[in-house]
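Chains as they are written, first to last, in this note's numbering: chain A, 67 to 306; chain B, 67 to 306.
Be a bit skeptical, because a hint or two may be false.
Any copy, or any two copies together, can satisfy a pair, since identical chains are not distinguished.
Okay, derived cross-link-like pairs now, EDC-like style, lysine to aspartate or glutamate, Cα gap no bigger than 16 Å in a straight line [to be verified]:
1) Lys110 to Asp127
2) Lys103 to Asp133
3) Lys96 to Glu264
4) Lys208 to Asp176
5) Lys81 to Asp200
6) Lys266 to Glu289
7) Lys266 to Asp200
8) Lys96 to Glu289
9) Lys103 to Glu289
10) Lys110 to Glu129
11) Lys110 to Glu87
12) Lys221 to Asp194
13) Lys96 to Glu228
14) Lys82 to Glu289
15) Lys81 to Glu109
16) Lys103 to Glu87
17) Lys266 to Asp194
18) Lys110 to Asp194
Think of the hints as simulated: they come from the structure by calculation, not from any bench.
2 protein chains.
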Amino acid sequence: MNKNELKYIQSFAHKKHWAQESVYIIEGPKMLEEAIKAKCVIEKIYATKEWQGNLGNSGGDIEEVDDIMLGRLSHLQTPNQVIALVQKQQNIAPIDYAKQLTLVLDGIQDPGNLGTIIRTADWFGLTDILVTDDTAGLYNPKVIQSTMGSCFRVKVHIAPVEKILTKEKLPVIGTLLSGASIYTQKLPTNGFLVIGNESKGIRSPIQSLITHAVSIPNFGGAESLNAAVATGIVLSHWKQ
Amino acid sequence: MNKNELKYIQSFAHKKHWAQESVYIIEGPKMLEEAIKAKCVIEKIYATKEWQGNLGNSGGDIEEVDDIMLGRLSHLQTPNQVIALVQKQQNIAPIDYAKQLTLVLDGIQDPGNLGTIIRTADWFGLTDILVTDDTAGLYNPKVIQSTMGSCFRVKVHIAPVEKILTKEKLPVIGTLLSGASIYTQKLPTNGFLVIGNESKGIRSPIQSLITHAVSIPNFGGAESLNAAVATGIVLSHWKQ
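Given these sequences and hints, build the entire structure.
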C-alpha cells in the first residue's frame with residue numbers, strides 16, 4: 067500500500083471522485099458477499115487477517131492490511147474487516163414498465179434516505195428505480211452502505227422522469243397531502259410510485275402526472291414522515 | 067462569545083457531554099419554533115441576523131452571531147440560522163399503559179434511526195416510548211435533529227422494559243421472522259409494540275414476553291428492513 071493508493075481510496079468521500087470513477091467502494095464482509103452473489107466484478111480487496119470470506123470466481127486482487135490501515139482507508143465509523151472496489155455496471159436492458167411497479171424518486175437529497183429506500187424497494191420485490199438527476203448520488207459510499215446489499219439487486223436509473231411518465235400512460239401513484247387515504251384506496255398493481263423530496267415534496271410538473279394521489283393518514287403532531295418510512299408504508303399497502 | 071462558550075457548545079458532539087448536561091442542543095428555526103410551541107424552557111439562543119423567529123414567553127438570552135461563528139457552533143453539515151440550548155425535562159407523570167399503545171425499543175443503536183422512529187411514533191399518535199438503557203441516547207444532537215420536532219411531543223423513557231412488560235399483563239406485539247403476517251393478523255389496540263436492535267433483533271428475555279408475534283412479508287432479496295421503516299409499516303397496519 068503506497069501513499070497514492072491510500073489517497074485514492076480516501077478520495078471516494080468526495081462526490082467528484084465517486085461520481086466519476088469506474089469503480090465504487092463497498093465495506094464489510096456482508097456487502098462483499100452480496101456483491102459476489104450478484105456477480106459484480108470486484109477489482110481490488112483490502113482485508114485484515116480476520117476476514118474469512120471466499121471470492122469464488124469473482125477474481126479481484128487481495129491485499130492484506132492491518133486494522134490501523136483499514137481504519138485509514140475506511141469511510142465508516144466502525145471499519146469492518148474488508149474494503150473492496152467494485153466495477154460500476156451499465157443498466158442497458160429496457161424496462162417493461164407495464165409489467166411492474168417502478169419507483170420514481172424526485173430529488174431525494176439525503177444519502178441515507180436513498181440507501182434505505184433502495185433496501186425497502188428490494189424487500190417489496192421492486193427491481194427498478196428511476197431518479198431525477200438532482201437526486202443523491204447512487205455511488206456515494208453512504209448510499210451504498212445503507213442499502214445493505216440491495217444496490218446489487220435493484221437497478222437505479224438516472225432518467226428523464228417527466229418524459230417517461232408522460233409517454234407510458236400507466237397509473238402514477240403519488241403521495242400528496244390532498245390524496246385519498248391509503249387505507250381506503252385500492253392501489254394499481256403496475257405503473258409508477260413517485261416519492262418526493264424530503265422538504266419540498268413532488269415538483270409540480272411531475273405532480274400533474276399523478277393519476278392516483280394517496281396520503282398516509284396523520285394521527286399525531288408530526289408534520290411529515292421520513293421519505294423512506296413513507297415509501298415503506300405505501301409499498302406495504304400496495305402489496306397487501 | 068468567548069472561547070469557553072464556543073468549546074462548550076462544540077462539546078455536545080460527545081456523549082459524555084450531551085448525556086450529562088442539564089440542557090441539550092437544537093438547531094434551525096423550525097426546531098426552535100416547535101420547542102417554543104411545546105413550552106420548553108429555552109436557556110440561550112445563538113442566531114444570525116437572518117433569523118426572524120419570535121420567542122414569545124419562552125425567554126432565553128439571545129446572542130447574535132455571524133455565519134462563520136454559527137458554522138463553528140453547529141453540529142450540522144448545513145447550519146441553519148439558529149442554535150439553542152433547551153432544558154431537559156423529567157418525565158414524571160405515570161403512564162396508563164392499558165389505555166394506549168406504547169412503543170418499546172430494545173437496543174436501537176443508530177441515532178438517525180432513533181430520531182426517525184420518534185418522528186414516526188408521533189405521526190401515528192403515540193405519546194410514550196420505553197427504551198432499554200443501551201439504546202442510542204435521546205439527547206444526542208443527531209437524534210434530536212432527526213425527530214424533526216417530535217422529541218417535544220413524544221416522551222422517551224429509559225426503563226426496565228422486561229419488568230414493565232411482565233407486570234402489565236397487556237398485549238405485547240413484536241416483529242419476529244416466525245410471526246404471522248401483519249396483512250392477516252388483527253393487531254390489538256392497546257399494549258406494547260417492541261422493535262428490536264438493527265442487527266440482533268429483540269433479545270430473548272423480551273421475545274418470550276411477546277403475545278402477538280407479527281412479521282412483514284418479504285417479496286424480494288433484502289434480508290431485513292430498516293428499523294424505522296419497519297416501525298412505520300407496523301404502526302400503519304395497527305392504525306388501519
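- Are the CA atoms of Lys266 and Asp194 at most 16 Å apart within a copy, between copies, both, or neither? neither (23 Å within a copy, 29 Å between copies)
- Item | Homomeric proximity label, Lys110 with Glu87: Cα distance no greater than 16 Å | within (14 Å within a copy, 46 Å between copies)
- Query: Between Lys103 and Glu289, at a C-alpha cutoff of 16 Å, which is it: within one copy, between copies, both, or neither?
  - Reply: Only across copies: Lys103 and Glu289 sit 14 Å apart there, 41 Å inside one copy, limit 16 Å.
- Lys96 and Glu264: within-copy, between-copy, both or neither at 16 Å Cα: between (29 Å within a copy, 15 Å between copies)
- Measure nothing new, just compare the shortest in-copy and cross-copy C-alpha distances for Lys103 and Asp133 to 16 Å and report within, between, both or neither. So Lys103 and Asp133 fail the 16 Å test inside a copy (26 Å) and across (49 Å) alike.
- Query: Is it within a copy, between copies, both, or neither that the alpha carbon of Lys96 lies no farther than 16 Å from that of Glu228?
  - Reply: neither (37 Å within a copy, 32 Å between copies)
- Query: Taking 16 Å as the upper bound on the Cα-Cα distance, should Lys96 and Glu289 be classified as within, between, both, or neither?
  - Reply: Classified as between; 11 Å across copies, 36 Å inside a copy.
- Query: Is it within, between, both, or neither for Lys81 and Asp200, if the alpha carbons may be no more than 16 Å apart?
  - Reply: within (13 Å within a copy, 35 Å between copies)
- Task: Pop the pair Lys110 and Asp127 into one bin, within, between, both or neither, using alpha-carbon distances up to 16 Å.
- Result: So Lys110 and Asp127 pass the 16 Å test inside one copy only (5 Å; across, 55 Å).
- Within a copy, between copies, both or neither: where do Lys266 and Asp200 come within 16 Å Cα-Cα? Classified as within: same-chain Cα gap 13 Å, cross-chain 35 Å, threshold 16 Å.
- Message: With identical chains, the pair Lys82 and Glu289 could be close in the same copy or across copies; at 16 Å between alpha carbons, which is it: within, between, both, or neither?
- Response: neither (35 Å within a copy, 32 Å between copies)
- Query: What label fits Lys110 with Asp194 when the C-alpha limit is 16 Å: within, between, both, or neither?
  - Reply: neither (27 Å within a copy, 48 Å between copies)
The structure fails hints 2, 13, 14, 15, 16, 17 and 18 (numbered hints given earlier, in ascending order).
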